[in-house]
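These protein sequence lines are chains A and B, in that order. Per the numbering used here, the very first residue in the first sequence carries number 1; after that it's consecutive. Per the numbering used here, the very first residue in the second sequence carries number 1001; after that it's consecutive.
These aren't lab readings, by the way, just hints derived from the structure by calculation. Among the hints, a few may not be true.
Unchecked claim - In silico lysine to aspartate or glutamate, EDC-like type, Cα no more than 16 Å apart, as pairs: (1) K1133/B / E1158/B; (2) K231/A / E1216/B; (3) K1224/B / D1162/B; (4) K1108/B / D1048/B; (5) K1214/B / D240/A; (6) K197/A / D76/A; (7) K237/A / D1162/B; (8) K1041/B / E1129/B; (9) K1226/B / D1137/B; (10) K1008/B / D246/A; (11) K237/A / D1048/B; (12) K1214/B / D80/A; (13) K100/A / E144/A; (14) K231/A / E32/A; (15) K242/A / E1004/B; (16) K119/A / D104/A; (17) K1133/B / E1155/B; (18) K1224/B / E1155/B; (19) K119/A / E137/A; (20) K234/A / E1129/B; (21) K7/A / D104/A; (22) K196/A / E30/A.
Remember, predicted model here, so these are calculated numbers, not experimental data.
Read off the chains here:
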Amino acid sequence: MNNIKIKSKNLNVYYGEKQALYDVNLDLNEKEVTALIGPSGCGKSTFIRCINRMNDVIDICKVTGNIEMDGIEINDKDLDVVSLRERVGMVFQKPNPFPKSIYDNVSYGPKIHGKGESKNELDEIVEHSLKKAALWEEVKDRLEEPGTSLSGGQQQRLCIARAISVNPEVILMDEPCSALDPIATAKIEELIDELKKTYTIVIVTHSMAQAVRVSQKTGFFHLGKLIEVGKTEKIFKNPDNKMTQDYITGRFG
Amino acid sequence: MSNEHTVKSYEEELQFLKDSLINMGSLTESQLTDSMDAIIKVDKDSIDKIIKSDEKINKFRSKIDSQIMNLLVKRAPMAIDLRETISSLKISQDLERIGDLSKSNAKKVKPLPLDLPDELLGNLKRLGELVIKQLNDVLDSYVNKNYNKAKDVWEKDEQVDDLTYIAMESVIDFLSKDKKNLDFSTHLIFATKNLERAGDHVTNIAETVCYLIKGEYLKGSRPKGKVVQDN
C-alpha cells in the first residue's frame, strides 16, 4: 500500500447557499491513480478543484473541513497558492493549449516559476516533458509551430507536458479524454499508466471502462457525497453499496 | 432486487440470457432423469430420445454463448451484471457436460441384460436420485438467488461421493461372483462414475451461484467423500 499523499477530512464545499460537497473523507495514495466517478453535478470536479484551490477563483465558494497534502493543510489562508499549483498540475476536459508555440506552451510554466534560467536548461525541460507526455517524437521537428495546430489528442498530451514541466507531485485530470477519439484516448491512458510511476494522479471520468482500465482506487460520488471508495477491481466487480452498483450497471433512475 | 436498467433492451437481453439458462437447466435435468430411468428399467427404447435431447442441450449452449458475446460487446457489463454474464457462461458449460454424461449413460443401457437383480441396481438408483435432486436444488438456488441453498448443494457432494463408492462396491461384488458378468458390469461401473462426475459439475454450478450472489468465492476446499479420497 502506498503512502497517503492527499487526505480530506469532513470536507464541505458551498457555492453560495448551495452545498456541493458533504463531509467528504477521501485518501489519495501516492503514485497511484484514483478515479472519481458519478453522475454530472455529483461533486467530483468540485473535489479535485479543492486540491489545487481552483475554487478560490469563485467568489461565492466556501470550503470547510480539511484537505491536506503531505500533512499540510491546503486550505490554509496563508498557503502560497502559486507554489501549491506548481506541485499540483491540472489537465482539463478540452485541450486548452496557450495560443503560443509548442515550445512556449511547455516552457511557460518553468519560466514563471523561475526554473530553467538558461536556454539550454529550458530546452532540456521542454524535451523531458514532451518525452514524458509521449509527444516528443511527433513534435520535435516543429516546436515553433502553434500548439493549436496539433490534433486534439496531441493537444491534450501537450497540456499534460505543460503540467509536467514544472515537476509537480500531483496531476489532476478532469475528463481528459472526453473530447478525444479512441486512439488518442488509448495513448492518454497508456501515458497515465507511465506517469503514475512518478506522480499521484486523480482522474474524473464518465467512462466506467476508463476508470477500470487506468485506476487502482475508485470513489463514487452522488449528490455531493462520497458514497463508496475502494479498490477499483472491487468497486466494479462487487461494490458494497447498492447505489454504486446501480450507477455502474446503468440502473440509475 | 435492483432497479431496472435505464436501457430497456439491456434489461431484456440479460433476462433472455437467464431464461435460456433456466430452460437449458430444466432440459438437462429431464435428460438426466430419463437416462437414469433407462438404466434402472433397462429401457432400450428410450436411448434414441435421450441422445436427441442432448443435441438440444448443445444448441442451447451455443445460443447462450452467442448471447453472452453480444452482452459483453454491446454492454460491457459491470458488477452484478458482469457476474451474471460470466456465471451463465460457466453454468452452461457444466450443464452441457452433465448432458454429455447422461447421453453416455443412456448408451450404456444397450448391452445390459433385461433381468438385472434389484440389489445390483438399488445403490445406483439411490445415487442417481441424489444427483438429480442436487441438480434440481442448484437450479432452484440459481433461479431464486438462494446462497444458502447453493452452499448446501456444495456441501452435499460428499454424499454423492459416498454413494458412488457404495454403488461401485455392489457392482464389483456382483462381478466377482461370476466372470460372465464382466462385460455389462464394466458398463455399470462407468455409468456410476459418470453420475459421480455429473455430481461434480453440479458442485461447480453451486460454486458459481455462490460467487454470482456474493461476489466472492466459497472458502476452503470442497467436502470430499470416500470415492475421491481413495483415488
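| message | Next pair to validate is K119/A with E137/A; report whether the Cα-Cα distance is within 16 Å. | response | Violated, at about 21 Å.
| request: Decide if the proposed pair is consistent with the structure: K231/A and E32/A, CA atoms, cutoff 16 Å inclusive. | output: holds, 11 Å
| Is K7/A within 16 Å of D104/A, Cα to Cα? | Distance of about 34 Å is beyond 16 Å: violated.
| said: Check whether the Cα positions of K242/A and E1004/B lie no farther apart than 16 Å. | reply: Measuring from Cα to Cα gives roughly 13 Å; hence the hint holds.
| request: With a cut-off of 16 Å on the C-alpha distance, tell me whether K197/A and D76/A pass. | output: Measuring from Cα to Cα gives roughly 29 Å; hence the hint is violated.
| said: K1224/B and D1162/B were given as a pair; does the straight-line alpha-carbon distance stay at or below 16 Å? | reply: Between K1224/B and D1162/B the Cα gap is close to 9 Å, so the pair holds against 16 Å.
| Straight-line Cα separation of K1133/B and E1155/B no greater than 16 Å? | Holds, at roughly 13 Å.
| request: Please work out if K100/A and E144/A have their alpha carbons no farther apart than 16 Å. | output: holds, 9 Å
| Straight-line alpha-carbon gap K119/A to D104/A, limit 16 Å | holds, 12 Å
| query | Is K237/A within 16 Å of D1162/B, Cα to Cα? | reply | Cα-Cα ~37 Å, so violated.
| message | Against the 16 Å threshold, does the CA-CA distance of K1108/B and D1048/B hold or violate the hint? | response | holds, 12 Å
| message | What's the verdict on K1224/B and E1155/B, does the C-alpha distance respect the 16 Å limit or exceed it? | response | Holds - the C-alpha atoms of E1155/B and K1224/B are around 9 Å apart, at most 16 Å.
Hint compliance for this structure: hints 6, 7, 9, 11, 12, 19, 20, 21 are not met, and every other hint is.
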